[in-house]
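Undergrad: Each chain, written out:
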Amino acid sequence: MSGIVEIVIAGLILLGAAFVLIGSWGLVRLPSTMERLHGPTKATTLGLGGLLLASVVFFQVRLGVWTAHELLISLFLFITAPISANMIAKVHLHRARTGDRPDHDGIAGPPPRPDPDGEGEWATFEAPHTDTQASIENP
Amino acid sequence: MIAIALQIAAIAIALALLLNGWRLYRGPALADRILALDTMVINVIAVIVVIGMMGGNDTYFEAALLLAMVGFVSTIAYCKFLLRGDIVE
Amino acid sequence: MTLLDHLVIAPVVIPAIIAPLTLMVMRRRRHVGVALSLAGCVAMLVVALALFGIAQDDAIRAYPLGGWPAPFGIVLVLDRLSAGMLVLAAVLALVVMLHAVVTAVDRKGWHFHPLFQFQLLGLNGAFLTGDLFNLFVFFEVLLIASYGLMLHGQGAARLKAGVAYVVVNIVGSALFLIALGLLYGLTGTLNMADLGQRIAALGAADQGLIRLAGLLLLAVFALKAAVVPLHLWLPRTYAATAPVVAALFAIMTKVGVYAMIRVVPLIFGDAAGAAAWVPAPWLLPAAVLTAIIGFVGVLAARAMREQAAFAILGSTGTLLLAVSCWTQATTAAALFYLVHATLAGAALFLVADVTLRRRGQYGDAIVPSPRFAGQQATGLLFLAATIAAVGLPPLSGFVAKLFILQTSVTAEPWALIWATVLGTTLIGVVGFARSGSTLFWKAADDADPIAGADRSRAELIAPATLLALLALLTLGAGWATAQAEATAAQIYAPDRYAAAVLTEATR
Amino acid sequence: MPLMLLMVLPFAAALMLALGARGGRRMHVGIAAGASAAGLALLLLAAPAVLAGTPLTARIAWIPALGLDLSLWLDPLGLLFAGLILGIGLLVVIYAQGYLAKAEPTGRFLSFLMLFQGAMIGIALSNNILLMLIFWELTSLSSFLLIGFWRDRADARQGARMALAVTGGGGLALIAGMLLLGQAAGSYELATILTRGAVVQASPLYPAILTLVLLGAFTKSAQFPFHFWLPHAMAAPTPVSAYLHSATMVKAGVFLLARLWPVLAGSDLWFYLVASTGLVTMLFGAGVALFRNDLKTILAYSTISQLGLMVMLLGFGTPAAATAAVFHILNHAAFKAALFMNAGIVDHETGTRDIRRLGGLAALMPLTATLGTLAVAAMAGLPPLGGFISKEMMLEQSLHAAQDGRSWLVPLLATIAATLSVAYSLRYATAQFFGRRATGDVAAPHDPGMAMIGPSIVLVLVALGFGLLPMTIAGPLVRAATGAVIGGSPPALDLALWHGINPALGMSALAVVIGALLLWRRAPVARWLDGRPALDAKRLFDGAMAAIVARSRDASLAIHAPSLQRYLFMLFAVAVLFGIDAALTPGGLPAGTRATLPASPVAVVAWFALVVATGIVVAMQRQRFLALVFISVIGLVIALAFVHLSAPDLALTQIAVEVVTILLMLLALHLLPKVPPQLSSLPRRSRDALLAAVAGIGTGWAAWAVMTRDLRDTVSSFHWANSYPGGGGTNVVNVTLVDFRAFDTLGEIIVLGIAGLAIYALLEPAARGTAGRRLREWRHDMPHSPERHPMMFVMATRLLLPLALLVGLYIFLRGHNQPGGGFIAALVVSIAILLQYLASGFDWTDDRRRIGEHPLIAVGVLIATATGLGSLVFGARFLTSSFGYFHIPLVGEVELATAMFFDTGVACVVVGAVMMALAQLSHVAQRAARNRDQADEETSA
Amino acid sequence: MIKRLLPHPALTAMLVVVWLLMANSITVGGILLGLVFGIVLPKFTEPFWPDRPRVRFRGALLGYVGLVLYDIVVANFEVARLILFRRNRDLRSRWLVVPVALSSPEAITVLAATISLTPGTVSSDVSADGRFLLVHALDVADADAEIARIKTRYEAPLLRIFA
Amino acid sequence: MSLEFLIASGIAVLTAGGVYLALRGRTFQVVLGLTLLSYAVNLFLFAIGRLVVDRPPLFAKGVTDYADPLPQALVLTAIVITFGMTALVVILSLRSFLESGSDQVDGIADAVPGPGQDRA
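Chains as they are written, first to last, in the UniProt record's numbering: chain A, 1 to 139; chain B, 1 to 89; chain C, 1 to 507; chain D, 1 to 941; chain E, 1 to 163; chain F, 1 to 120.
Please keep in mind that the hints were generated in silico from the structure rather than gathered at the bench.
Small disclaimer: the values here were computed from a predicted structure and weren't measured.
Hints may contain errors.
[To be verified] Calculated Cβ distances over 12 Å to all of chain F for the following chain C residues:
(1) ASP5
(2) HIS6
(3) ALA10
(4) ARG30
(5) VAL32
(6) VAL42
(7) LYS108
(8) GLY269
(9) ALA276
(10) LEU356
(11) GLY374
(12) THR438
[To be verified] Partial pick of chain F residues on the chain C-facing surface, computed with a CB cut under 10 Å:
(13) GLY33
(14) LEU45
(15) ALA47
(16) ASP68
(17) LEU98
Beta carbons: idealized from backbone N, C-alpha and C, even for Gly.
Please model the complete structure; the sequences and the hints are all you need to start from.
TA: Below, the structure is given as structure tokens:
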């Protein structure tokens, strides 16, 4: 194993680990739910990404074959992580609005209405319209 | 060198897990806890990858892949439960 | 390798095929499903009888599944004990199934037939297997099928009792797994014959753990067999479920006893060090209490099903009195009684079923009701069933009790055993005399007979068949006791078992 | 063979009567009488040989293991008894024809009667004491049926139950006694036992044997203090009383004493127990009889008294006394049966049995009165009837008996008893037949037809004959029977009315005189007695019984309270107790010496998370939802542990199962109440916590002890070595599952399949009935967002479905060689489909599914089983796998294994069961929601 | 013919690639098997994904992916700095309402996912009529500039891809 | 601290928690208790194969050090069976609640009947 490759691998590992840690630190230290939601995205993206890249290189060197399948993990996370974030945000919005503790709104305050002039409301607060093309409400 | 880096990474991730645990324990909102759990799953994937490299075999890949794929399902389900009560409508 | 050699797997394979088939056809063609199910029961009986015949040569046959030799793979073992249990299960199943079809209980809910077949699969597998973990698996099969059957038809009381039944048994399964873990962790094997040999070779440091494993196994089996104080689930469960199902369950408690009889001499025999005959000191007092509580319950019961449930409890106690002596002779007596008690318990439940169907709103409560259709015939059946249940002559229960009393006389606490057997019999007699005279003699004043004269007499066939079988068992008691003795002789020769199982040729 | 025929006849008759219960009354009587007569004829045929000293025997081997054979013999004693049974049986059957009302079910009645007759014959003929036990208990049972024949009458039912309880209970004691006797004598064959009296009496078991046997005999023969059931058995139809309670059943006890006389008699213990019991009973019965007013009750107490007499005689243990007993058996049978029939006639004709409402019947019913008076005379022991002779013999013997050294005591008491019996006998006759005329409810009673009166004529003639020509009629039989009783050569016999003047004659005369005087002065005593609260055995018995039942009920209810918590506590407690037991074995539960593995920081953190999460789950009383979240944490930690500890398959399974479990619980939680459960009391929680702690520490310690031990050769080294060459796969866990232990897996998928079926059966009807109503009444318990199907989520699941299926296929295909396999693949697929349900709703998804859960489960089990059977075709064992490597152009080397088919079956069942559980559960929720909407519309409209 | 076999070539291609990645080797057999699955699975799952969008401009797609990856890395460092060094009270976190010109739900989802994946912004909700995205930003000075950036940098290419 | 200790104490904690919860009176708590208990049992069964790090039981020629595959297979079977049982218990308790209106394990009525007065 050549020195440079080793350094690359070690660097990637440390980078990944650092972002994982920072993400979790953000989760702890940021002041309210919506802000905290930003922390873990680092872990999902660069944190794990770094570790997985390190793994790719590592096993290439170790076993002599390209084992790119680690990238699949990232692929799946890229598909799923935004959904998790979205749903958690919805929960936050919903409970902040209906719950008995409105102070959960955090720094940004309550969300503005989508269209200041229109009648519309966010989907969490109002059942999605069924007549728009973007609607996926099942009949 | 890689070994040392892995050790450091392991400790860092362990620390991260502890932090997640703290958030999970403290809340205060349910959304916070779900978020903490979700993050924990991500971090466990990281642990698994690190363990895989430490042990030098890649049979752990599947576990990580599976977690990445289905780990979010429970997060979603918890959210859906809080939003709608009924997770399947 | 002739087809006959493969017959051992038939008791498992037949229901494994019949059950899914009935599941598939049931929705569209009910009668085909019912016919299939009945045919399955008949086939199982035929196979069981054939196996019983094969086992008559006193050889112990091992069937290594997948061709993997014991102890590495799972073996099925055909000996007199397993063959006998198979026949018993098949006979009971056929009769109960007939009754279920005749009384249309199978239509009262979903999936009666597949669950029934799976239940048999579990029973048969448990009787045949020579591997302890596999025994666990089949315990689970028969348990979960029994949950389904127990809840068949539902209703609030049944569901609540079901929760208790299921939860308790799940915890029991957890204990089973822990015991299995200990055994494997200490010996590195799961085959029963192999376990016996390896336990004998364990060092002094392992004695406590192996004793623990043995005791935990005992607890599990005692839970299944409903031994005091682990019996608490039984009265409620059996009284709450459909009587037909309860009739089938008459054999469920016996599976626990079977497991004790199978496992203890084989694994925890003389050579097992601190674990030798490990249940012995605990089992006897528990059996005494079980018999007493059971028959006192018979006396105290206020409904026929409750009474039958307690009778089953009492019979388990009596049975375990014999088992707890752990001698070849008492085990033979126990086996004979086991067969009798199973059929008698089932008969009681079937009679209860017939009665409660005919009494309308009075159900099976032990209160006087107006005259109802077939009161004479039902009363006679009840009389015969109770005679069998308490063990009075002329039915085989008396012979069985004599057998137990005679063989247990060599045991240390024989006086206690005798007093319990005879005393509980008296309590049972009084209890059943009370309920029978109230149900079938006493009539509620000034009331019109309960409608239902059109009730089919066919309902009486199944209970009558069981009682006829008991009569046959009495007449053929000479043969049956000889069978029991031969079976017990095999059980108490674990070396022969081990030799047969562990040296079977590989694939 | 005639013995067997004799034995079978009554049972055959009973069976015929039972089957032909709808036939005519004449036919019924014909069958019963025919059977009795035929039996009697057989007996007569056999009699000469038997009396000549060669007992008939017959034997059919039955249960050699028990020493229980169908072994019969007919010796003189048996002959005497069988003769009584059949002879009186015949008369009773004839009498019953007249007695029973037209509406009564004679078929049933006679069937029971024949059953009883068979049982009695069995007792008389048994040459095997175990066989005798069977018949013994049968008599109790059949008498239960006969006493309770008039089932509508409360006293009949109670009387029947009481008789059964007492005689059946005694029978149980007898069982123990007989078994011990067999043990002591070394045989259950009566003929053999009878020769081993010395052995038995020398045995340490002798007192126990004697006590137990006597318990049986005394209960059956209504000896004090077990007598109380007999008067209440009078609720039976009178033919039954005549048969059972005079001539036969109650004599079974006496017969037993006589039968076992050679073995058991002769000891001091025998004398004291038997003779004194008999004496007391004789006195007591006679005394009570004098003050009763019901005809049958008087007869019942007199029977008790007379039975006491016979028992006492046998208790004396001398051959002469035995002779007297045997002769009195005959006499008593004759006159008592006649008297019962007489009472029945009076009852039948006048409508009452109350002696105070009767009188002067002699004028109206001369024949009845004559017969009654004669029979009473026999009972009173007046010449020239047989009763006189046997009473004389009794008094004579009492003089020879020395009780407790006070030689005057026995004769005195015997005389008193004789006096009393004279008194009640005379009262019985005079009050009914003579004096002031009173006829009960009927104006002009008259003598009944021949069917009813005939039998008593015969009996009274016999009784007369016993007195006038004793040696001719009874001599040979009594002599031979006595010989059989004492087990030696029969003593010289001289039965005659006149033996010259001797003390016995004096005592007898005294008894008659004082008895008559007593009757004269009876009224004041009776009045005095009427004012006293009588000690009523029945009330005592019933009260005791009711109390016992009530206490049993309380105890049973208290023990079996419907409490799952109790069930589980017991189970855990037993397990903990066993743990303690094991820890107390010598050596205890030591830990081993195996080197341990160091723990990494991650492991410590994970452990910490596990412990804290468990604590929170336990402590989370208020928030069930959060408890679930922490369960997820625990699952995650365990999956991590599996990964770390070299179990990738387990980790995969754990991860997938965890998700499904959480979904399931959330679905259920939705419909379950989320109220904070009430806390149980502090002591209870402390108790549970203590138990839990001990259980936890014990389990943990056991795990520690095992883990720190070195393991010898395990069977899994074979699996390791054979998985590739023999199983065709490198993933040993998977090869174990689908090959080495495929049978386990077959069972396991069946468990899953059954779970699916059971769940379906549970949930399918949930929308109806109470549950349906409750679902309809269901209301939101928290504010809900109006959005059902979040767009991003739905879109993501659409892309994820094909991807997840692909992953599932991948995991499935490689499972044999790498972590994975059918089970995990199936879970992945299930989760992918469940995601669709989550995102797009039940209806939408369900419409698009192609295969139902039921066929999946069915087909899965079938595939797995068929794969196993496939190997049979190739001559291999069930579930034998085979595999091969095939070269396919372009693709290259491909491995195909039958295990894959098996795994396909596994996968099908798993998908089916998982989908069944979750889809069905969510469907209930669905229906709940729909019902709710409907209800809302209705209320708003 | 090809159209019928491969109604969704993009999905098929994706499945083949994923398969090869999982199998972790590129062999003829692997590709063939992947193709089989790539053809069968979309067919099989068709009912679950009605109206699959047609994806154009494959080059644009790749460019978009590269752009997003680049942004992710940059944003990661940016946000890491925020988390580590910015005091809470100095955080300028706020809600952004992003009007969306995209119409198909798939496209909107991709846009929202992109926003979420780049640290610093999380798309929290869609308006009920699907015309606005609610985005939470961790720290923005100028909300309108940020909205404009999202629209030009992400939405514009997506409009071309999901034409 | 050794891995063995962590596992053993983990089993102990899970068992204790499971036993305690199973003895509570509400079906949901009992279900949670059973879940904990089954975790404990699975870990126990797994642990009796002894702990091995980085040696998954994937056969390769010449390898002599590997995790015992048999307990793993047993645990797999146990997990599956436990899942089936858990599913049944969950649904059964739900069903019995629907039928009797009380989620007390023995159907004893509540002081506060009906579902849901409290936030989840």
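Undergrad: All hints, please: hold or fail.
TA: Outcome of the hint check:
Distance check on ASP5 of chain C: its Cβ is at least 27 Å (rounded) from any Cβ of chain F, clearing the 12 Å threshold; non-interface status holds. Residue-level check passed: HIS6 of chain C sits 25 Å from the nearest beta carbon of chain F, beyond 12 Å. Distance check on ALA10 of chain C: its Cβ is at least 24 Å (rounded) from any Cβ of chain F, clearing the 12 Å threshold; non-interface status holds. Remark: the non-interface label on ARG30 of chain C is consistent with the geometry, its nearest Cβ contact in chain F lying 25 Å away (cut-off 12 Å).
Distance to chain F confirms VAL32 of chain C as a non-interface residue, since its nearest Cβ pair spans about 28 Å, more than 12 Å. For VAL42 of chain C, the requirement that its beta carbon stay farther than 12 Å from each beta carbon of chain F is met, with the minimum near 30 Å. Against chain F, the non-interface label of LYS108 of chain C holds: every CB pair exceeds 12 Å, the least being about 16 Å. Taking the minimum C-beta to C-beta distance to chain F, about 23 Å, the non-interface status of GLY269 of chain C holds against the 12 Å cut.
With 12 Å as the threshold on Cβ separation, the claim that ALA276 of chain C sits away from chain F holds: the shortest Cβ distance comes to roughly 23 Å. For LEU356 of chain C, the condition that its CB be more than 12 Å from all CB atoms of chain F holds, with the nearest at approximately 21 Å. For GLY374 of chain C, the condition that its CB be more than 12 Å from all CB atoms of chain F holds, with the nearest at approximately 33 Å. No beta-carbon of chain F comes within 12 Å of the beta-carbon of THR438 of chain C; the shortest separation is about 29 Å.
Residue-level restraint check for GLY33 of chain F holds (minimum Cβ-Cβ distance to chain C is 9 Å; threshold 10 Å). Because the beta carbon of LEU45 of chain F sits about 5 Å from the nearest beta carbon in chain C, less than 10 Å, this interface hint is met. Interface hint status for ALA47 of chain F: upheld, as the beta-carbon distance to the closest one in chain C is roughly 8 Å, under 10 Å. With a least beta-carbon distance of about 9 Å to chain C, the hint placing ASP68 of chain F at the interface is held under the 10 Å criterion.
Given hint, LEU98 of chain F at the interface with chain C, holds; its Cβ is 9 Å from that chain's nearest Cβ, closer than 10 Å.
When the structure is compared with the earlier hints, no violation turns up for any of them.
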